[in-house]
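Trainee: Here's the letter readout for the chains.
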Amino acid sequence: MQPEKFYYDNKIVRNFGIATVVWGIIGMTVGLIIAIQLYHPAMNMGNQYTSFGRVRPLHTNAVIFAFVGNAIFMGVYYSLQRLLKARMFSDLLSNIHFWGWQLIIVSAVITLPLGLTTSHEYAELEWPIDIAITIIWVIFGINMFGTIFKRRERHLYVAIWFYIATFVTIAVLHIVNSIELPVTFWKSYMVFAGVQDALVQWWYGHNAVAFFLTTPYLGMMYYFLPKMANRPIYSYKLSILHFWALIFLYIWAGPHHLLYSTLPGWAQSLGVAFSIMLIAPSWGGMINGLLTLRGAWDKVRDDVVLKFMVVGLTAYGMATFEGPMLSLKQINAIAHFSDWIIAHVHTGALGWNGFLTFAILYWLIPRIYKTELFSKKLASFHFWIGTLGILFYVVPMYWAGFTQSLMLKEFTAEGMLKYPNFLETTLRIIPMHVVRSIGGSMYLLGVIVMAYNLTRTALQGKLVANEAAQAMPLEPVHTIARDSTWHRMLERKPIQFMMLALLVILVGSFVELMPTLTISSNIPTIASVKPYTPLELQGRDLYIREGCSNCHSQTVRPFRSETERYGEYSKAGEFVYDHPFLWGSKRTGPDLARIGGKYGNSWHYNHMMDPRLMSPGSIMPNYDWLLTQTLDTTTTVAKINAMRTLGVPYAPGYEKIANKDLDKQAQGIADNLAKDHIKVKNNKEVIAIIAYLQRLGTDIKANKTANNN
Amino acid sequence: MFKQFTENISGNQVYLISSLGIFLIFFIVVTVLLIRLRKSHVDYMSDLPLEDSTTNSSKSFES
Numbered sequence: 003m004q005p006e007k008f009y010y011d012n013k014i015v016r017n018f019g020i021a022t023v024v025w026g027i028i029g030m031t032v033g034l035i036i037a038i039q040l041y042h043p044a045m046n047m048g049n050q051y052t053s054f055g056r057v058r059p060l061h062t063n064a065v066i067f068a069f070v071g072n073a074i075f076m077g078v079y080y081s082l083q084r085l086l087k088a089r090m091f092s093d094l095l096s097n098i099h100f101w102g103w104q105l106i107i108v109s110a111v112i113t114l115p116l117g118l119t120t121s122h123e124y125a126e127l128e129w130p131i132d133i134a135i136t137i138i139w140v141i142f143g144i145n146m147f148g149t150i151f152k153r154r155e156r157h158l159y160v161a162i163w164f165y166i167a168t169f170v171t172i173a174v175l176h177i178v179n180s181i182e183l184p185v186t187f188w189k190s191y192m193v194f195a196g197v198q199d200a201l202v203q204w205w206y207g208h209n210a211v212a213f214f215l216t217t218p219y220l221g222m223m224y225y226f227l228p229k230m231a232n233r234p235i236y237s238y239k240l241s242i243l244h245f246w247a248l249i250f251l252y253i254w255a256g257p258h259h260l261l262y263s264t265l266p267g268w269a270q271s272l273g274v275a276f277s278i279m280l281i282a283p284s285w286g287g288m289i290n291g292l293l294t295l296r297g298a299w300d301k302v303r304d305d306v307v308l309k310f311m312v313v314g315l316t317a318y319g320m321a322t323f324e325g326p327m328l329s330l331k332q333i334n335a336i337a338h339f340s341d342w343i344i345a346h347v348h349t350g351a352l353g354w355n356g357f358l359t360f361a362i363l364y365w366l367i368p369r370i371y372k373t374e375l376f377s378k379k380l381a382s383f384h385f386w387i388g389t390l391g392i393l394f395y396v397v398p399m400y401w402a403g404f405t406q407s408l409m410l411k412e413f414t415a416e417g418m419l420k421y422p423n424f425l426e427t428t429l430r431i432i433p434m435h436v437v438r439s440i441g442g443s444m445y446l447l448g449v450i451v452m453a454y455n456l457t458r459t460a461l462q463g464k465l466v467a468n469e470a471a472q473a474m475p476l477e478p479v480h481t482i483a484r485d486s487t488w489h490r491m492l493e494r495k496p497i498q499f500m501m502l503a504l505l506v507i508l509v510g511s512f513v514e515l516m517p518t519l520t521i522s523s524n525i526p527t528i529a530s531v532k533p534y535t536p537l538e539l540q541g542r543d544l545y546i547r548e549g550c551s552n553c554h555s556q557t558v559r560p561f562r563s564e565t566e567r568y569g570e571y572s573k574a575g576e577f578v579y580d581h582p583f584l585w586g587s588k589r590t591g592p593d594l595a596r597i598g599g600k601y602g603n604s605w606h607y608n609h610m611m612d613p614r615l616m617s618p619g620s621i622m623p624n625y626d627w628l629l630t631q632t633l634d635t636t637t638t639v640a641k642i643n644a645m646r647t648l649g650v651p652y653a654p655g656y657e658k659i660a661n662k663d664l665d666k667q668a669q670g671i672a673d674n675l676a677k678d679h680i681k682v683k684n685n686k687e688v689i690a691i692i693a694y695l696q697r698l699g700t701d702i703k704a705n706k707t708a709n710n711n
Numbered sequence: 019m020f021k022q023f024t025e026n027i028s029g030n031q032v033y034l035i036s037s038l039g040i041f042l043i044f045f046i047v048v049t050v051l052l053i054r055l056r057k058s059h060v061d062y063m064s065d066l067p068l069e070d071s072t073t074n075s076s077k078s079f080e081s
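Each protein sequence line maps, in turn, to chains A and B.
For the first sequence, our numbering begins at 3 and goes up steadily by one.
For the second sequence, our numbering begins at 19 and goes up steadily by one.
Take these hints with a grain of salt, some might be off.
Once the Cα atoms are required to be at most 25 angstroms apart in a straight line, the calculated SDA-like pairs of lysine to any residue come out as [what the hints assert, rightly or not]: (1) A:Lys229 to B:Lys57; (2) A:Lys229 to B:Ile40; (3) A:Lys239 to B:Ile40; (4) A:Lys331 to B:Ile35; (5) A:Lys495 to B:Val47; (6) A:Lys301 to B:Asp65; (7) A:Lys600 to A:Asp626; (8) A:Lys239 to B:Thr49; (9) B:Lys57 to A:Leu293; (10) A:Lys152 to B:Val47; (11) A:Lys239 to B:Arg56; (12) A:Lys495 to B:Arg56; (13) A:Lys239 to B:Leu68; (14) A:Lys495 to B:Ile35; (15) A:Lys495 to B:Leu55; (16) B:Lys57 to A:Ile289; (17) A:Lys239 to B:Val60.
No lab work stands behind these hints, which were simulated from the structure alone.
Whenever a hint applies, use it, and build me the whole structure from the sequences.
Mentor: Below, the structure written as structure tokens:
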């Protein structure tokens with residue numbers, strides 16, 4: 003048999019590489035802006051399109067799906083071709099994938115600042131974009147499996163298993179978490195409500211971390227680290243165990259994002275137990291990576307690429323040890339909703355994803371341009387400023403998280419809250435936020451230096467767009483001996499492999515999601531909880547548009563420190579009409595689950611105009627456009643109908659009179675404001691959001707009043 | 019420390035016990051697979067990324 007000649011496609015790798023760097027700089031710059039907004043409200047720039055609540059999702063989406071996403075595709079397209087000894091299946095599909103993905107990112111950059119959002123974290127994009135993501139993801143899958151089918155290497159290396167698991171699991175997660183009912187072209191309601199919606203969202207959110215930020219990067223580590231160190235992976239057997247254990251365990255751990263919430267207790271316990279077990283495969287992977295460098299540590303001293311890998315792997319080890327610790331209820335009680343979580347995710351994002359991406363870029367760009375890196379000194383500078391940047395970022399955030407949480411939980415000897423005013427705790431941690439933004443700037447500076455270094459590298463070389471290679475074609479299957487072991491056989495059968503991986507992730511998903519989604523006794527209902535009025539529903543959608551849930555939670559945990567501060571702890575039955583749930587995951591400001599009736603309408607009006615009028619020193623942006631913008635009531639009918647379809651018991655035909663009810667309630671609030679000498683028309687957006695805020699958490703009080711009577 | 023977990027599970031042991039069962043079976047299966055792997059195959063697989071099938075680079079064409 004003659005060896006076959008073929009060419010690797012380096013151009014698509016280069017394109018994804020450029021996109022990685024460009025979106026990385028954009029995403030991190032946005033991150034820096036919102037970090038400064040948290041101590042300098044003027045950085046919200048006085049308009050709605052750049053306010054924190056709308057721009058924070060832009061930062062997370064840009065760094066996760068644009069920076070990391072493009073880096074994944076860069077790494078996969080480079081390593082897949084070489085591990086399979088084949089060019090990508092179709093250049094056309096590669097290009098559609100590339101441009102389609104960039105278009106999706108651009109649509110996110112446009113729609114998120116416009117306030118078009120589902121409010122599901124890391125899944126904020128509205129339904130038309132969700133469909134586009136599905137299509138492009140399937141194209142990526144076809145291209146990957148097409149390449150696998152025409153491969154010249156029979157056995158699939160462990161990196162490819164991670165890519166296959168990434169493909170299939172992200173597909174499942176994306177589809178299930180995007181089950182939404184379109185109301186208009188840019189507005190939809192989640193099909194699940196309250197507790198169920200929260201469970202689905204955090205099953206997604208947790209596993210997006212697992213299968214977008216972790217598994218593809220582990221696959222890349224298993225390919226690029228042996229390449230960089232020029233030695234095989236420490237233990238291939240460990241990598242098999244690592245793979246199966248990781249994908250099996252990860253999928254169960256989602257509920258640790260919902261501890262002390264109204265999620266059924268058994269589901270919380272299950273999430274904790276599996277989170278603890280996750281340490282084993284995560285550290286197995288890290289140890290496998292670090293031990294690959296055994297006997298080669300002298301190389302690490304000279305090779306900046308390996309330095310990035312070592313710090314990246316160490317950050318992975320720290321983040322994956324910390325994660326399970328954070329899932330312990332006692333630790334979670336302090337860490338959840340605080341800056342500690344921001345520190346935790348940035349150890350992973352800046353250290354693991356960032357540094358692995360930089361290592362691969364520094365290794366790969368000179369190779370596909372057939373040249374040397376332009377400046378090792380600049381790369382070394384990038385390494386040090388990046389490492390210091392991470393430290394300056396995470397240390398103040400840990401400090402801030404501890405400080406604020408402990409202040410919020412502190413009681414005086416008399417049994418009163420020591421800091422009854424939430425704002426006092428916010429102001430205390432501002433210095434830490436300032437230092438954090440300095441850390442972030444250092445990290446960003448490193449990336450800009452890298453962009454310069456890589457550009458100069460590319461300019462001094464010439465892209466080998468099609469790299470010649472040769473390999474023996476595969477023998478027909480019947481000529482090879484029957485494999486003695488099952489796993490060895492599995493490594494030759496990609497479709498069976500994918501189905502098995504799918505099965506493995508579905509087991510946990512099924513056990514965890516199904517009981518809560520199907521058995522009604524898991525969500526006790528409360529008779530006095532009624533659907534939102536049309537005005538409140540519109541106000542709720544404004545709350546979603548402005549991204550209020552990025553800073554304000556809507557769930558009171560059963561701690562005395564919280565029931566004293568906010569009121570009665572939250573019950574599952576209170577959220578049955580919440581499509582989507584709005585519990586939030588961070589308390590930059592106080593919880594709002596029981597805000598209804600706490601302040602007068604005029605307080606809210608003035609607070610929206612300028613929060614500092616009511617709370618001097620507040621870091622909340624002004625929402626003055628709510629005072630002048632007219633509420634769009636043309637959508638009321640569609641919204642009522644959609645909610646009814648989802649099971650909210652609005653009476654038949656109610657949509658016809660809904661706007662009349664809306665006007666009546668709005669007039670009531672306008673009249674009430676007029677008593678406080680605030681002149682505002684009843685059709686302004688601020689009226690709707692006041693109506694919604696005043697409703698929050700009050701249904702359960704109505705129950706009590708009724709019982710007392 | 020774990021008291022709160024055990025208190026939570028009353029009436030719902032079925033979910034937790036079945037999860038434990040699934041977990042144990044899964045790990046026993048993976049362990050058996052690993053033990054049965056041949057060394058020659060393991061060496062072959064770990065060398066896959068280091069193989070370089072690229073021919074003389076002068077034959078590559080640029081665009």
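Trainee: Check each numbered hint from earlier against the structure, then list the numbers of those it violates in ascending order.
Mentor: 2, 10, 14
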